[in-house]
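**Student:** Protein chains in written order, with the working numbering: chain H, 9 to 149; chain S, 7 to 135.
These are computed hints drawn from the structure, not numbers from a lab.
Glycine residues also receive a C-beta, built at the ideal position from the N, C-alpha and C atoms.
Some hints could be false.
Stated by the list, open to error - Reference excerpt, derived from the structure (chain H facing chain S, CB under 8 Å, subset only):
no. : residue
1   : Val78
2   : Asn128
3   : Ala136
Stated by the list, open to error - Within a straight-line C-alpha distance of at most 20 Å, the following computed SDA-like cross-link-like pairs (lysine to any residue) qualify:
no. : chain 1 : residue 1 : chain 2 : residue 2
4   : H       : Lys107    : H       : Lys148
5   : H       : Lys53     : H       : Ala39
6   : S       : Lys51     : S       : Met83
7   : H       : Lys148    : S       : Leu10
8   : H       : Lys77     : S       : Arg46
9   : H       : Lys148    : S       : Lys51
10  : H       : Lys58     : S       : Phe93
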Amino acid sequence: MSFENIFGVAGTALNAQITRMNATASNLANAGSVASTEKEAFRAKRPVFKALMDAQQANAGAPYVGGVKVDRIEDDPAPARRVSDPTNPLADKDGYVYKSNVSEVTEMVEMMAAALSYQNNVEVINTARQLMMRTLDITKA
Amino acid sequence: MKLLDNAFGIHEQALRVRTTRLETIGRNIANADTPNYKARDIDFKAVLNRTVQTDSQMVATQANHMTRGDMTQPDGMKFRVPFNTAFDGNTVESSVEQANYGRAAADYQATLNFLENRVSSIRRALKGD
């Protein structure tokens, strides 16, 4: 129960949000990719977060009580778009290719949400740091 | 040395509880996007009372005694009741947590001010000028 814990908790959140931002960047980069079967088509990746609860922490002996971690990365379940493009070398025998199911709009929203959460946690660290420095100054009072 | 035995009074414990509160709210903000996470907060009064244990307070000595507040956990933690519910079962509302964190930081500084005053007055007393 000290300031180190606050820094640790906010740090795990920064990590998780960066992972989310990375996933978004990867999704956007692969938005235009095509494949010849629906199975091979690129699907948007979504990280799922999980809280690190106190009990697990105590057992695991981890340094931070109650942060957040990336539990798993899931594929977006939306179907891949099937587009007729007979001249494409990847087209199947009927002349169709399968585009990724990435929605640019969703990814932009996801990116903004991740950036805001990141900023929130930076503020938490900043405030905690200021309070800690003031506490150290108590001897000069 | 009566002067230095209890030099900081209640503020010593208060500072500790305030740090824990900051940490709890920090944890809520960290888990703002975690599915099924329930935001928590500290019942400052309850925790401080337990820390200080004054005689004049009513104390629940049995497990079935009633306490105020309906969702208090044994460690003085309470679950926050959200204004809106989210689809993923998360009850953290960023704006509420931000406001509470600001308030908690101000409270911490207030306690710190009291402590600084104590330190400087003790120092003056020791110097004798």
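**Student:** Is Lys77(H) within 20 Å of Arg46(S), Cα to Cα?
**Tutor:** Since the Cα atoms of Lys77(H) and Arg46(S) sit roughly 18 Å apart, the hinted pair holds (cutoff 20 Å).
**Student:** Going straight from one Cα to the other, do Lys53(H) and Ala39(H) come out at no more than 20 Å?
**Tutor:** holds, 11 Å
**Student:** Would you mind confirming whether the straight-line C-alpha gap from Lys148(H) to Lys51(S) stays at or under 20 Å?
**Tutor:** Outside the cut-off at roughly 30 Å; violated.
**Student:** Given the hint that Lys148(H) pairs with Leu10(S), does the C-alpha gap stay at or below 20 Å?
**Tutor:** OK: Lys148(H) and Leu10(S) at ~18 Å, within 20 Å.
**Student:** Under the criterion that the straight-line Cα-Cα distance not exceed 20 Å, is the pair Lys107(H), Lys148(H) satisfied?
**Tutor:** violated, 65 Å
**Student:** With a cut-off of 20 Å on the C-alpha distance, tell me whether Lys58(H) and Phe93(S) pass.
**Tutor:** holds, 16 Å
**Student:** Does the interface hint hold: is Val78(H) within less than 8 Å of chain S, judged Cβ to Cβ?
**Tutor:** Since the shortest Cβ distance to chain S is 10 Å, the answer is violated.
**Student:** Close enough to count: is the Cβ of Asn128(H) nearer than 8 Å to one in chain S?
**Tutor:** holds, 5 Å
**Student:** When the nearest CB of chain S is found for Ala136(H), is that gap smaller than 8 Å?
**Tutor:** At 7 Å from the nearest chain S Cβ, Ala136(H) passes the 8 Å test, so the hint holds.
**Student:** Under the criterion that the straight-line Cα-Cα distance not exceed 20 Å, is the pair Lys51(S), Met83(S) satisfied?
**Tutor:** holds, 11 Å
The structure fails hints 1, 4 and 9 (numbered hints given earlier, in ascending order).
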